[in-house]
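These protein sequence lines are chains S and B, in that order.
Going left to right, the first sequence walks through residues 1 to 521 as my numbering numbers them.
Going left to right, the second sequence walks through residues 1 to 371 as my numbering numbers them.
Keep in mind the hints are simulated off the structure, nothing from the lab.
From a predicted model like this one, the values you see are computed outputs, not experimental measurements.
Beta carbons are placed, not taken as given, at the ideal position from N, Cα and C, and that holds for glycine.
Wrong hints could be hidden among the right ones.
[Claimed, not checked] Derived contacts from chain S toward chain B, CB cut-off under 8 Å, selection only: (1) V332; (2) N334; (3) S336; (4) S341; (5) L343; (6) R354; (7) I357; (8) A360; (9) K370; (10) H373; (11) P375; (12) C378; (13) L382.
[Said to hold, decoys possible] Here are the computed distance ranges between Cβ atoms for each label pair: (14) S:R374 to B:F64: 48 to 56 Å; (15) S:R380 to B:S344: 42 to 50 Å; (16) B:A146 to S:N277: 48 to 56 Å; (17) B:V159 to S:A400: 55 to 63 Å; (18) B:L195 to S:G381: 30 to 38 Å; (19) S:A400 to B:A146: 50 to 58 Å; (20) S:E397 to B:V159: 51 to 59 Å; (21) B:L188 to S:K411: 53 to 61 Å; (22) B:S36 to S:R374: 54 to 62 Å; (23) S:P385 to B:K321: 48 to 56 Å; (24) S:R25 to B:G217: 38 to 46 Å; (25) S:R487 to B:T246: 48 to 56 Å.
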Amino acid sequence: MVGPVHAPTPDAHPPLVLLKDITKRFPGVVANDRVTFALHAGEIHALLGENGAGKTTLMNILYGLYRPDSGEIWVKGRRVDIRSPREAIQLGIGMVHQHFKLVLPHTVAENVALGLAGTPFWAPARAIGRKLRELSQRYGLPVDPDRRVWELSAGEQQRVEILKALIRGAEVLILDEPTSVLTPQEAQELFKVLARMKAEGHGIIFISHKLDEVLSVADRITVMRRGRVVGTVLAAETNKAELARMMVGREVVFRLRKGTCRPGEEALLVEDLHARNDRGLWALRGVTFRVCRGEILGIAGVAGNGQRELVEVLTGLRRAERGRIVLLGRDVTNRSPRLLSDLGCAHVPEERIRMGIVPALSVEENLVLKRHHRPPFCWRGLLRPKAVRAFAQKAVEDYAIMTPSLRTPAKLLSGGNIQRLILARELSGKPAVVIAAHPTYGLDVGATEQIRQLLLRQREEGAAVLLVSEDLEEILELADRIAVMFRGEIMGIVPAGEASLEEIGLMMAGERRLAVRSEGI
Amino acid sequence: MRRLGPLVFEPRLVPSRLAVLGVSLAAVLFALLLASAVFYGYGRNPWQAYAQIGRGLFGTWPSFSEVLRRAIPLILCGVGLTLAFRARFWNIGAEGQLLAGAVAATGVALFLPVPEGWRLPLMFLLGFLAGGVWAVIPALLRVKLAVNDVISTLMLNYVMAYIVEWLVHGPWKGPTMRGFAYTDAFPLSARLSYLPGTRVHWLTLVLGIAAALVVTGLLARTRLGYEVRVVGQSPEAARYAGINFTAVFALVMLLSGGLAGLAGVGEVAGIHWRLRSPGHISMGYGYTAIIVAWLARGSPLTAVLTALLFGLIFAAGDYMKTALGLPFQITGVFNGLVLFCLISFDLLMFWRVRLARKEEAWTGSTGSSAR
Chain S
1 MVGPVHAPTP DAHPPLVLLK DITKRFPGVV ANDRVTFALH AGEIHALLGE
51 NGAGKTTLMN ILYGLYRPDS GEIWVKGRRV DIRSPREAIQ LGIGMVHQHF
101 KLVLPHTVAE NVALGLAGTP FWAPARAIGR KLRELSQRYG LPVDPDRRVW
151 ELSAGEQQRV EILKALIRGA EVLILDEPTS VLTPQEAQEL FKVLARMKAE
201 GHGIIFISHK LDEVLSVADR ITVMRRGRVV GTVLAAETNK AELARMMVGR
251 EVVFRLRKGT CRPGEEALLV EDLHARNDRG LWALRGVTFR VCRGEILGIA
301 GVAGNGQREL VEVLTGLRRA ERGRIVLLGR DVTNRSPRLL SDLGCAHVPE
351 ERIRMGIVPA LSVEENLVLK RHHRPPFCWR GLLRPKAVRA FAQKAVEDYA
401 IMTPSLRTPA KLLSGGNIQR LILARELSGK PAVVIAAHPT YGLDVGATEQ
451 IRQLLLRQRE EGAAVLLVSE DLEEILELAD RIAVMFRGEI MGIVPAGEAS
501 LEEIGLMMAG ERRLAVRSEG I
Chain B
1 MRRLGPLVFE PRLVPSRLAV LGVSLAAVLF ALLLASAVFY GYGRNPWQAY
51 AQIGRGLFGT WPSFSEVLRR AIPLILCGVG LTLAFRARFW NIGAEGQLLA
101 GAVAATGVAL FLPVPEGWRL PLMFLLGFLA GGVWAVIPAL LRVKLAVNDV
151 ISTLMLNYVM AYIVEWLVHG PWKGPTMRGF AYTDAFPLSA RLSYLPGTRV
201 HWLTLVLGIA AALVVTGLLA RTRLGYEVRV VGQSPEAARY AGINFTAVFA
251 LVMLLSGGLA GLAGVGEVAG IHWRLRSPGH ISMGYGYTAI IVAWLARGSP
301 LTAVLTALLF GLIFAAGDYM KTALGLPFQI TGVFNGLVLF CLISFDLLMF
351 WRVRLARKEE AWTGSTGSSA R
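So that you can see chain S by itself, here it is in the shape it has in the complex:
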């Protein structure tokens, strides 16, 4: 910690940013452990690691959101102390967060003008319109300054965020998981923009956990694991297997064992489903598909194209305005979540902490949620603690849930164990249909592998699985057929074996393929 302080040797080109021996502790975890990281002008430096490896913490320190417990930050050869994002911006550091920080009802220009030094008090947005156009032309970032942000796609909103950083004079741009909201084609567009910025002498820090894109976009790659830097390698001199080994700390198998698909009878039929989102706008406009026993139907698509509403309607949490849902031959349109669950429809929800568990209740109590009202857990309105305990004990063992005890509040478990708990609860009742929304989002590689195996096992055991995910790799790996959603409609359903990434990308961007493969739903 308090070591001798060596100023970097004065050379002609000190790094744009140098983070030296940064340590940051949170209660119970060292998020960054003596991390050193350098970024030079004119390079794209990827920061690679699993969720929870400490990438975002490190960047939040650089952006002034957190303060390090120890360590030094140097910008352009000068020792600095960054106390707030404002100071970071003054130093020429810009950040595009994974979740955009835009004011949705405002126009693009208004968003860019917000908090920008030197804008006039009256009509601030008009004054910067010209500058905005100039910048967007220079870097190939087309946006209309007068459009309202809520009308823009995720890719366009990201451009606004990048422009916001550039207009503030950012020489260093931090991008936190920038491709997670983009179609493959949009991601390629982004990479072109980054290349142009690199040529102009900017330095770019590219945070990601996706190996392929890091290899294709970055010049250098720093891999982090559990708060430490494992190493920094040149992109040209490494490969996917090496990066994965560095990231996970062991060999990683890229192929899951997956038997051939033998679809059985139809378990879930969805016909012409219409529903509105929370703002009353149409989120589903005539969705039709079927899932049979023993197969996995993957729903791909960029976030916010109706996937959430689809899952909610299918599980009874949102009203269907039109169309019908048939579960095991029975019309269950707009029936209660409890009935659906009792009929054998399991739901692994997207918001696992807010919806999937009751954080303050114990592990054992969470394991019987949804079945607490039925024997053997409940008899004449009284709970049977022994039955609950016995069931929970077995579930914890079968699904390898790491918990200090059955009485531990569920909120104290790690993300992976919370997801195991949810899967244990949902899958142990031998469901006929499993609806899984983003089941591995934010989990480490080990938990991800295990959860994918569990879903495959459900398929093997004859359940119909509907897998909604924004992770295309996951869909390609697990699904037997792939449906792509765009603006509340299914653009097409293709067998996984025949699907090319490009074709799926086009459908994600709104190109309809239904006519071509008319074997249909």
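Fit chain B to the given chain S structure using the hints.
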């Protein structure tokens, strides 16, 4: 971890029982410290005043029994409110529910032709139902029409207070009361008996303690209790699990309001023996019970203890009024200060505060500061 001046705040995910107890006690003591300013204002030495109150209250059994008497309605209302609060239903309406129970009891006592031996049990039964039904209204309003529970329960207090005013000035005004706004006195068969030498109507006290035990068991061991906890802790998860909100809130409020109704029965059948203006019957028990339940942190058994604490404050208020010549509003000042301190001290329960060590400087270890 956060740093504020020389202090470091560390979050506590699950506050220990000791922390909860310590922080709550500290809050109450701090409130008493603040309240001493009131004594100064009246030109009295606060320590002498506290000492005098202590001697006055704990000196004899009859004077101490006043604490119990005052605690009875607080126990019943407070236990009911802990149940509602566990479901995150903000029942601010115990005052009105208590009055509803008092009205029902008066109706049975004065106007219902029933055998003598049936009168008291029937008063308690109908008092419970009246308070419960009055409380179910806001529950249904919230589930069906998304009406804010704080507002509806609070407003219904005024409605019930005016109903009582109307009854005692109008249709139920006692012909033998020579123009006072009272109903006639209850017959002997509608009056509760006291512990010897006191005004403690013990039957209601027993009901209160029994209620605390029953609600504790209900929360821990029944399907309804489980659903109450799920709804209260995570409404999203409750929806996901298909829990019926209407049933949970209606049942919770039936019980919560019903217990407040029992408190109202106890007051008219045990103390006043008649229905009179709402301010006389309740003295704000329903509002004080909110603090009782808050301080009990959702535990019905703890609510019995906190109700005793506030019974003490009420009794002390009576004593200050008569022995020290302070205005009766002093009880309200005390209650307010205690609630205020409790809410402010909550911060300490979820954040451990300690002095910063040297190396935990604002910045990195070498601490260059360029402010």
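Hints, one by one, checked against the model:
The beta carbon of V332 of chain S is not positioned within 8 Å of any beta carbon in chain B (closest approach about 13 Å), and the interface hint is therefore violated. Look at N334 of chain S: its Cβ only gets to about 14 Å from chain B, farther than 8 Å, so that hint breaks. A distance limit of 8 Å between C-beta atoms decides the matter here; for S336 of chain S the minimum to chain B is near 6 Å, and the interface restraint holds. With 8 Å as the threshold, the beta carbon of S341 of chain S comes within range of chain B, its nearest partner Cβ sitting at about 6 Å, so the hint holds.
This hint is violated: L343 of chain S has a C-beta 11 Å from the nearest C-beta of chain B, more than the 8 Å allowed. Against a cut-off of 8 Å between C-beta atoms, the interface hint on R354 of chain S holds, since the closest Cβ of chain B lies about 5 Å away. Because the closest C-beta pair between I357 of chain S and chain B is about 6 Å apart, less than 8 Å, the hint holds. Nearest Cβ of chain B to the Cβ of A360 of chain S: about 5 Å, under the 8 Å cut. The hint holds.
Proximity of K370 of chain S to chain B holds as hinted, the smallest CB-CB distance being about 5 Å (cut-off 8 Å). The closest approach between the C-beta of H373 of chain S and any C-beta of chain B is roughly 6 Å, which is under the 8 Å cut-off, so the hint is satisfied. The beta carbon of P375 of chain S is not positioned within 8 Å of any beta carbon in chain B (closest approach about 11 Å), and the interface hint is therefore violated. Taking 8 Å as the C-beta cut-off, the interface hint given for C378 of chain S holds, the closest approach to chain B being about 5 Å.
Checking L382 of chain S against chain B by beta carbon gives a least distance of about 6 Å; that is within 8 Å, so the hint holds. R374 of chain S and F64 of chain B have their C-beta atoms about 50 Å apart, which keeps the hinted 48 to 56 Å range intact. For R380 of chain S paired with S344 of chain B, a C-beta distance near 45 Å keeps the hint of 42 to 50 Å intact. One distance hint, 48 to 56 Å for the beta-carbon pair A146 of chain B and N277 of chain S, is violated here, with the actual separation near 18 Å.
Checked against the given bound of 55 to 63 Å, the beta carbons of V159 of chain B and A400 of chain S, roughly 57 Å apart, stay inside it. At about 36 Å, the CB distance of L195 of chain B to G381 of chain S agrees with the hint of 30 to 38 Å. The hinted range of 50 to 58 Å is not satisfied by A400 of chain S and A146 of chain B, whose Cβ atoms lie roughly 42 Å apart. At roughly 56 Å, the beta-carbon separation of E397 of chain S and V159 of chain B lies within the given 51 to 59 Å, and the hint holds.
In this structure the hint that L188 of chain B and K411 of chain S lie 53 to 61 Å apart at CB holds, the actual value being about 57 Å. Checked against the hint of 54 to 62 Å, the pair S36 of chain B and R374 of chain S passes, with Cβ atoms roughly 57 Å apart. One distance hint, 48 to 56 Å for the beta-carbon pair P385 of chain S and K321 of chain B, holds here, with the actual separation near 50 Å. At about 43 Å, the CB distance of R25 of chain S to G217 of chain B agrees with the hint of 38 to 46 Å.
Distance hint check: the CB atoms of R487 of chain S and T246 of chain B are about 35 Å apart, inconsistent with the given range 48 to 56 Å.
Against the hints set out earlier in the document, violations occur for numbers 1, 2, 5, 11, 16, 19, 25.
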